[in-house]
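Chains A and B, in that order, give the protein sequences. The opening residue of the first sequence carries number 1 in UniProt numbering; numbering runs sequentially from there. The opening residue of the second sequence carries number 1 in UniProt numbering; numbering runs sequentially from there.
Bear in mind the hints are in silico, worked out from the structure with no lab data behind them. All of these numbers come straight from a predicted model, not from anything done at the bench. Heads up, the beta-carbon is just placed ideally off N, CA and C, and yes, glycines get one too. Treat the hints with care, since some could be wrong.
Stated by the list, open to error - Heads up, simulated DSBU-like pairs for lysine-lysine below, C-alpha to C-alpha not over 35 Å straight-line:
| # | chain 1 | residue 1 | chain 2 | residue 2 |
| --- | --- | --- | --- | --- |
| 1 | A | K3 | B | K747 |
| 2 | B | K744 | A | K120 |
| 3 | A | K41 | B | K156 |
| 4 | A | K41 | B | K920 |
| 5 | B | K760 | A | K41 |
| 6 | B | K757 | A | K3 |
| 7 | B | K169 | B | K156 |
Stated by the list, open to error - Some but not every residue of chain B turned toward chain A, in silico, with C-beta under 10 Å:
| # | residue |
| --- | --- |
| 8 | G733 |
| 9 | R741 |
| 10 | K757 |
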Amino acid sequence: MQKVLVVDDEEVLRMLITDTLEDLEDVEIYTAENGEDALEKLEADTYDLVILDYMMPKMTGIEVLGQVDDEKKKNTPFLMLTAKAQEMDRNRAIEAGVRYFMPKPFSPLELLQVVEGILK
Amino acid sequence: MTKVNRFGSTSLKNRYFRIIASVFALIILCGMAFFLYINKEQEKLNNDRDTLHKKTQTINQLSDNLNEIFLRARGFIALKNENELMLLNQALHDFDGVLKDYSQLTLSAEESKYRDDLKAFFTEYKYTLLPRALKLAEEGNYEALRSTSGGGTTAKVNEFLDYTKGYQKRADTALNEMAKNSIHKANEFTVVAFLFSTAILFLFTLLVWRILRNLIVPILKLEEATHSLAAGEQILLGTLHQKDEIGRLYNAFLDMAHSIQDKEEELMMQNEELHAQQDELHDQQHRLQRSLNEIESMMKALDQSAAVGILSAKGVFTYANDNLSSYTGYRNSEIIGYTYKLFEMPDMLEHDMQQMYRKLKSGGVWTHEIGLQTKSGATTWLNLTIVPYLNSEGTIYQYILIASDITSLKSVQQELALTLKATEQTKTMLELNNQLNHDISYTLNKNEFTEKFLHFMNRLYSFDSSFFLLTKDTIYAAKGIPQDRIERYVESSCSEMLHRLQTESSYVIKRPATEAEQGIAPDQMYCYDFYTKVVNAEDEILAVFCGSRIGLSFSDEELNEVQGLMNRVSLAIERLFMYEEIEHARKLNQDIVNNVNEGIQFVDTEGTMLHANKALCQMTDYSRWTEGGHESKDEWMAHFMQAANESNDICGFFQKALGEEAAESASMRYSIGTESVKHIDVYAIPVFRRDARIGTLFVHRDITREYELDLMKSELVSTVSHELRTPLSSVLGFTELLLARTMKPEKQLKYLETIHKEAKRLTELINDFLDLQRMESGKQQYTTESANLSEIVLGVLDQYKLGSHNVLLVDEAFNSEVEVDRDKIIQVLTNLLSNAIKFSPDSNEVNVHLHNEEDRIVVRIQDHGLGIPKDQIGHLFQKFRRVDNSASKRIGGTGLGLAICKEIIDKQKGEIGIESVEGKGTTVWFSLPNLYSEHKQYEEDGGRWNPDKEVKPNVMIVEDDYSLSLLLSEELKGKGFRVTHHYHPQKAFDQALKTPFVAIVIDLMLGDELDGWDLIRMLKEDQRTETIPLVISSALDKSDKNALNNVIQTYLTKPYPPGELSQTLEEIVKIRQASGEVLFPDNSPEKEEDKS
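Modelling step: build the complete structure from the supplied sequences, incorporating the hints.
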């Protein structure tokens, strides 16, 4: 069983992502609705993929990454979803340790493909 | 030397007398002691010898007596002669006496023993042996007698006798010894006496030697000194520190010697002086000789160069040299023997003669230039010096007369004087002209100019009255003309004069003097009025001049001169006009430059700033720059570098722009300030004049507004893109899923609902933009109507009653009638409430408070959320502004809400504001003007609402029908209650725990979960709220719930008139007051904080 953590403050988007990925076999999906929640979950468990939103309450996705230790960042692929689609934002995310990047609005089927590719 | 010294130890006589006296006393004392000692020794020796002698005698007597005793005893015994017995007794008696004497002598131990033995023997013999022997003898018992005497008595007696003999011998020896001793002692004494005398002798010798030394050494020194003194040598004597006679003598001698030496030196000096004087006398003699020679040669020279004559005391010539005769024309022989009066001196005044006599009489030398008539009658000028010669008595015995010919000099002098006078006149003239030139060249003020010119003319031509007028400006100056006449004249534009001057350059009018002008002159006087004009190159009249002289006509020369002056003045006047025009143009330019919004700065090629306008000073906060003030390159550059945030860039820009190769214009942007940043665009243009670069013009433009607008626009793009992308993600995503997958109808529905909701959100967002756009462009239409604000607020709040936050309304407004656009106000309220809820994620309470303030109603919406940093509060009503921190970033929004609110409230003549403490919460308030101004019950408190002062009874209405709720609250507020609204029973209960209510009005039919009955139960079960009177307001019939009668104060069945409720509540208050309960709500500050 592979584990995927979806971090997004918008319930609608969490639902969209979860529903998109539900067809994947042997994949369990976990959700977190804010940065703190996500950090707690990352601390407690190891995930095969983290889908992270940038604009979130209390902590942005980048701020979350800043608090994840380097070891974990190296072993866990992070995919960032963001409405901030400009070049500058993208660079900042990559600097923070994001390996995959997907601008909003995104195509769920494309996301599915990317996730499948990562998990293989 | 003082008296004390003379009589003290310092006197030689006294000192030595004392020493000698003490030595003498010592000798006498020692001698006497010695003599006494010898005497005593001799006496002792004599005594010893006597004692020894006596002892020897006594012992001899004792021995004799003893022998006699035995002789007699034997005699008696043998002879029995009574006589013998008598003699025996006599001998015994004698012996006893002698023994007694012996005992009295001082005895040695041996002698004492001998005496005691003798005594014992004698006693035994006398009283024991002798009587027994006598008795025996009487009895004739010779046998016994013999034994008795043989029994030792005889031996003893013999022993005694032997001792006596021995003693005698010893005594002799002792005597001999004694004699020897005394001889020995006498020898010793002799030695001592000899030593003593030697010591005395030595002492005397010492004394004498000392005296001699003290006396002789100084005397010898003195002698030596005397010799040297006599030899005239330097006396090398130190001071003698003796204070005695010798010392004094010595010092006195020294003083004497010194004074002698001093005297000698003085004499030597006097001698030298005398020598010097003698030398000097010699010198003087030499000098005199030389002077004499000099005088002789001088006399010779004088004879050659000047006329010399000698007069006797009586004034008769006794000598005259050749010069004198050549000067005067008289021969020597014609002069000598005649008095000085021979020469006539026609120019010589009596006064000068007197002076000469006085001077000469007093022995003084008289010198004077005199004109003398020669024999031929011509005048010759002489510089004459007369020297009187005085004899030893001080009387004049002759005069020497020396004269030199100065005739040619004199004539030159006279010529010179004439020339000088002419020059002086020319100089005055020139000075005046110069003054005029100066005045007309440097005077830029027209009034001053006319005054100065008039003054000049008057001085030059002595006008009695004059007038000078600049025709263009009617500026004039006048002298000697009454003011009213001038004014009249000027008013009529001097038409007559101007008319005539059009054709003539000048004219003179001769007229009889008026009475005033005539004055005291006896003859008929004429006045000469002179008129002339100043024209420019185009022959236009610039100025006119008229001057009047009484009784003095104008010469042609004067008229020509004046005409010349007028031509000069014309140039000056033209220059004056030109200057004024330039000045005017300059001021205009200055005003233009100073009043443009752009900062303008002109810098010359050296880098010196020649001009900076006001706008630039204001823009760059430079107070030191004054209008037109010059500043060196370093100074103004330093200011810019200090003021601008990009100091290096701006420095580089200026340097480059000022550089010679910078031929084209350049520009850059910089900013000033840190808190309120000013953005400035500056461009530089090189300025050329006739192809030569004369400097650089910098134009600074404040572009803060444009800059901020740019910034806002880019922010907007970013925000909008983010805000639009999130709902778009949902819409696109779910649509894609719906299209790509087959799924259950429920799920499809759910997806479709989500899509719909998100699409609506997008629409709202777009509407917001459009709203604001419309409002900003002024196209928004407002349809105002009279409305009740309390009602509107309740209506909006109604939408939030099921939300996550507990929205509490405290309505204290007694006058809530306003004239507004209802929909817009609802939009504002919705917006503010949404914000309050959105920005307080950690709290669940939002308070809305209504109250009146003067003629306005104020709505305050308070949350306990994130709050806003102080520095950002000011920006919040600007478009696209959102609180910029990580905590608020997560909360979506267009950043347009507050801007829209402000726009709406502004348009309704209202005000809006924010108070906030970061981390504690935010209060947004807005106020609207009341439709009718009423002052009912309202307590004015410094113009501001103060909750602490409010002491109104609190009432809570728990009612879900907001129109009824409003109706009731209006009624209660009118009666002075403070009304709190609630919809939800649980929330109402929580509120009841917080706020002390006088009563709670409850509707029984409330929500789905809990109804009015549940609330009543909760209130009654809690100890804290059980005593609060409850009023039921219900559509249900009362009879059904009789069971609750005991806990319910009043039961009102809907519909009932609102007055009934207020009446009921007032009654409750009255009852409570009567029972002494405190009914007024606890308005302590912290509780108040919770509510408002």
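Comparing the hints with the structure gives:
In summary, the hint linking A/K3 to B/K747 is supported, as the alpha carbons are separated by about 24 Å, within the 35 Å threshold. In summary, the hint linking B/K744 to A/K120 is supported, as the alpha carbons are separated by about 29 Å, within the 35 Å threshold. This hinted pair does not check out: A/K41 and B/K156 have alpha carbons roughly 162 Å apart, beyond 35 Å. With a C-alpha separation of about 30 Å, the suggested pairing of A/K41 with B/K920 holds against the 35 Å cut-off.
Using a Cα cut-off of 35 Å, the hinted pair B/K760 and A/K41 holds, with the two alpha carbons roughly 34 Å apart. Between B/K757 and A/K3 the CA atoms are separated by roughly 31 Å; this keeps the pair inside 35 Å, and the hint holds. Distance check on the hinted pair: B/K169 and B/K156 sit about 20 Å apart at the alpha-carbon level, within 35 Å; holds. A least Cβ separation of about 4 Å between B/G733 and chain A falls short of the 10 Å threshold, and the interface hint therefore holds.
Proximity of B/R741 to chain A holds as hinted, the smallest CB-CB distance being about 8 Å (cut-off 10 Å). For the restraint placing B/K757 at the interface with chain A, the shortest Cβ-Cβ distance is roughly 8 Å, inside the 10 Å limit, so the hint holds.
The earlier numbered hint that this structure contradicts is number 3, and it is the only one.
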